[in-house]
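Enquirer: Heads up: the sequence shown begins at 1 in the working numbering, then just goes up one per residue.
Read the hints as simulated data drawn from the structure, not as lab findings.
All clues given are correct.
Beta-carbon label-pair distances, calculated as ranges:
no. : residue 1 : residue 2 : range
1   : Leu4      : Leu24     : 28 to 38 Å
2   : Ser38     : Asn5      : 47 to 57 Å
3   : Ile47     : Met13     : 45 to 55 Å
4   : Trp50     : Trp17     : 52 to 62 Å
5   : Trp17     : Ile47     : 45 to 55 Å
6   : Pro37     : Leu14     : 32 to 42 Å
7   : His49     : Met13     : 50 to 60 Å
8   : Leu29     : Asn5      : 28 to 38 Å
9   : Leu24     : Asn51     : 49 to 59 Å
The beta-carbon is built from N, C-alpha and C at its ideal position, and this holds for glycine as well.
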Amino acid sequence: MPQLNPNPWFSIMLLTWLTFSLILQPKLLTFTSTNLPSDKTTMIPKISHWNWP
Numbered sequence: 001m002p003q004l005n006p007n008p009w010f011s012i013m014l015l016t017w018l019t020f021s022l023i024l025q026p027k028l029l030t031f032t033s034t035n036l037p038s039d040k041t042t043m044i045p046k047i048s049h050w051n052w053p
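All chains should be modelled from the sequences, with the hints used to inform the complete structure.
Expert: Take a look at the structure:
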């Protein structure tokens, strides 16, 4: 069964991860997120409960 031979697949996987780690990841980290975290306290809505008769 040739798919059990890890020789070609391991090198492809290693090359893919190195490409992602060294080239693509720094490019992706330079983007700024659209919603920056804010330090405002979130307003909790007041819920009026409806009593059953």
